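Colleague: One-letter residues, chain by chain:
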Amino acid sequence: MKLFPRNKIWLRTVLQIFFFILIALIAVNHVLEDSGVKIPLLSNASLHAVCPFGGVVSLYQFAAVGTFTQKIQQSSFILMILVFILAFLFGSVFCGWVCPLGSIQEWVGKLGKRLFKKRYNHFIPWRIDQYLRYLRYIMLIWVLYATAMTGKLAFGDIDPYYALFNFWTGEASFTGLAVLGVTLLASLAVERPWCKYACPYGAILGITNLFSVFSIRRRESTCKSCDICFHDCPMNIPVHAVKVVRDHQCIGCLECTSEAICPIENTVVFATKGSR
Amino acid sequence: MKIRSKTLGTIIAFVIFGGILGASTLGLWKTESVRNPNSIQRNKSIGEAARENAVTGDYYPADIRGNHRFGEISEIFNIPLEILSHAFALPPDVDPANFKNQDFDSIYPSFEGEQEIGNGSVKWFVALYTGLPFELEDEEEDTYLLRPAVEILKKHASLTAEQIAYLDAYTIEIEFEIPDSYPSEDEFQSSDEGAGDGEETKLKQDEMIVAGKTTFADLLDWGVSAEKIETIIGGGIPNRLILVYDYCAENGLPFGQIKTELQIEVDTLGP
Ligand code: SF4
Ligand code: SF4
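Going line by line, the protein sequences match chains R and U.
In terms of numbering that gives the first Met the number 0, the first sequence opens at residue 0 and continues consecutively.
In terms of numbering that gives the first Met the number 0, the second sequence opens at residue 0 and continues consecutively.
None of these hints come from the bench; they were simulated from the model.
Hints may contain errors.
Claimed, not checked - Estimated spans, in silico, between C-beta atoms of each pair:
1) G21(U) <-> T168(R): 30 to 36 Å
2) A23(R) <-> L268(U): 41 to 47 Å
3) A23(R) <-> K99(U): 38 to 44 Å
4) Q129(R) <-> E260(U): 54 to 60 Å
5) R245(R) <-> A225(U): 43 to 49 Å
6) Q101(U) <-> Y133(R): 56 to 62 Å
Said to hold, decoys possible - In silico BS3-like cross-links for lysine-lysine, where the CA-CA straight-line distance does not exceed 27 Å:
7) K99(U) <-> K154(U)
8) K223(R) <-> K1(U)
9) K242(R) <-> K5(U)
10) K212(U) <-> K154(U)
11) K99(U) <-> K7(R)
12) K109(R) <-> K5(U)
13) K153(U) <-> K212(U)
14) K29(U) <-> K212(U)
15) K7(R) <-> K1(U)
16) K1(U) <-> K242(R)
17) K1(U) <-> K272(R)
18) K212(U) <-> K227(U)
19) K223(R) <-> K272(R)
20) K272(R) <-> K227(U)
21) K117(R) <-> K242(R)
22) K7(R) <-> K272(R)
23) K242(R) <-> K7(R)
24) K29(U) <-> K99(U)
25) K223(R) <-> K112(R)
Please read these numbers as outputs of a predicted model, since none were measured by experiment.
A virtual CB, placed ideally from N, CA and C, is assigned to each residue, including glycine.
Extracted from the complex, chain R is given alone in its bound form (with noise of 0.2 Å):
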């Protein structure tokens, strides 16, 4: 028996699993740390200081006075800046690739699928959804605003990644824990409801789709028109219908390609400009 189907991304699973591992370990770690027990050769850092977002948020606050919002540390303008190289190079991987927020809903996701079959993430029609898409620049606008205003994490109270790692710690909010609620139920229907919608981390990224130097490209002399990249992607991005995917939504995480879903050979490719 094979651990992964033939057309999956499969290290895209495994480093998913790993970084969600990892980080609930080093939360775990964190509260063990009052008790003075720890978990050998792992970190203890809180979970601001390892979400490259506490750097974003920071941005602002560290250009004008020199100092980090509250409970933000180095770390997280490191990873800041190491997501955005990746973020300039490929996209938005760190979201298909990294983010346990993301994963998350992906696993809950496939319960979804079986539920739902093929109306599985195909509920909101599209020509409203694209729409709908950009609310997630109105989170982050409204979070970079509270943050630079108030100096202090405007978005922890409602984060659900804070909440996801800390619900047995009694820290998580109430809201937050509220949206973690409502994210994972709507991930039954929708794949990534929190990512298209919501996130604001996601939509800075999704950014540097515009421009980034490797990007999805579709060869339309071999394309059969077939759709099914578009039905396979997760963030319902018409590849069928465009050369290059240049959507802020795109999580690259390569479902769509030759490699992947697609069944012609090198016809959907993460690729550079003129590569063919």
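Once you have looked at the hints, place chain U with the ligands on chain R.
Modeller: Okay, now just chain U with the ligands, sitting in the frame of chain R:
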């Protein structure tokens, strides 16, 4: 150029972990205790200042441990017991000679936010009082003293302007009347009074206390109008996120006085 999933995955892992490794090698990977760079600066120079004041002795404030009794500290560093007792507001039913540094938790109610009185506070007080060399360690940054201790130091110790500013920024306010005619050391040694004032000691637990960590944004959030703040600081608020303390330091303003005036404004707002 085309890239396949295996290469992409490897690059992602390499950039993240390689980057973290590189940052740690350069000493840039800090997941905790990265404090306001200004405050690190501030503490360093206070440490240096303390060293400049140094007189050589057999014991140093850094040697003070949690299980030391006030009696021993008084003897070793030649500080009247009454001064220690008064500075740390020991209640009248506590015998100052036998009081241990590690027992502060049992006599104070919990303070607001990160304010804390502990062994570090005693070291810091002793260092400033005696002028012996002492450098605030990383973990002792943001070392607080109670208002009576600060008043005693201002009266009895020779402090630099910078040390005074630091003390003002890291004072825990307690409702404690310091008499204008504060007795001299000699009077202290010959009298039992003073320590008994602790009876009236009631620690404020109000959230809205202007301290070293207060930013202009905090004041505005608490409801103090921008105009009032600007009148007190005598200029425009440059940026909401700046610490009032840093603003005063940069503009040569007395933080202690500004803080008091701001606190009056805050207090008039009511609960
Ligand atoms: S959009 Fe946000 S939650 Fe979704 S994967 Fe990206 S960073 Fe994570
Ligand atoms: S377009 Fe392709 S790479 Fe982008 S999100 Fe959709 S399936 Fe993933």
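Colleague: Now, for every hint given, state plainly whether the structure supports it.
Modeller: Taking the hints in turn, this is what the structure says about them:
1. Range check, G21(U) to T168(R): about 32 Å between beta-carbon atoms, so the 30 to 36 Å window is met.
2. Hint check: A23(R) to L268(U), Cβ distance near 44 Å, so the stated range 41 to 47 Å holds.
3. The hinted window of 38 to 44 Å between A23(R) and K99(U) holds, with their beta carbons roughly 41 Å apart.
4. Hint check: Q129(R) to E260(U), Cβ distance near 55 Å, so the stated range 54 to 60 Å holds.
5. Between R245(R) and A225(U) the beta carbons are some 44 Å apart, a value that agrees with the proposed interval 43 to 49 Å.
6. Roughly 57 Å separates the CB atoms of Q101(U) and Y133(R), a value that falls within the hinted 56 to 62 Å.
7. Of the supplied pair hints, the one linking K99(U) and K154(U) holds, its CA atoms being roughly 25 Å apart against a limit of 27 Å.
8. Restraint check: the Cα-Cα separation between K223(R) and K1(U) comes to about 21 Å, which is no more than 27 Å; the hinted pair holds.
9. Straight-line distance between C-alpha atoms of K242(R) and K5(U) comes to about 23 Å, which keeps the hinted pair within the 27 Å bound.
10. Note on K212(U) and K154(U): the hinted pairing holds, with a Cα-Cα distance of about 25 Å set against a maximum of 27 Å.
11. This hinted pair does not check out: K99(U) and K7(R) have alpha carbons roughly 65 Å apart, beyond 27 Å.
12. Between the alpha carbons of K109(R) and K5(U) the distance comes to roughly 23 Å, so the proposed pair stays at or under 27 Å and holds.
13. Taking the CA atoms of K153(U) and K212(U), the gap is about 21 Å. The hint holds against a cut of 27 Å.
14. Under the criterion of a C-alpha separation no larger than 27 Å, the hint pairing K29(U) with K212(U) is consistent with the structure, at around 21 Å.
15. For the given pair, K7(R) sits about 18 Å from K1(U) by alpha-carbon distance, which is consistent with the 27 Å threshold.
16. Restraint check: the Cα-Cα separation between K1(U) and K242(R) comes to about 15 Å, which is no more than 27 Å; the hinted pair holds.
17. Restraint check for K1(U) and K272(R): the C-alpha separation of about 9 Å stays at or below 27 Å, so the hint holds.
18. Our distance criterion of 27 Å between C-alpha atoms is met by K212(U) and K227(U), whose separation comes to about 19 Å.
19. Proposed proximity of K223(R) and K272(R) is supported: the alpha carbons are some 22 Å apart, at most 27 Å.
20. Proposed proximity of K272(R) and K227(U) is contradicted: the alpha carbons are some 59 Å apart, above 27 Å.
21. A C-alpha spacing of about 26 Å is found between K117(R) and K242(R), which places the hinted pair at or below 27 Å, so the restraint holds.
22. For the proposed pair K7(R) and K272(R), the alpha carbon gap of about 25 Å is at most 27 Å, so the pair holds.
23. Distance restraint check for K242(R) and K7(R): the Cα-Cα separation of roughly 23 Å lies within the 27 Å cut-off, and the hinted pair is therefore satisfied.
24. A distance of roughly 34 Å separates the Cα atoms of K29(U) and K99(U); the hinted pair therefore is violated under the 27 Å criterion.
25. Pair hint K223(R) plus K112(R) holds up; C-alpha atoms about 26 Å apart against a cutoff of 27 Å.
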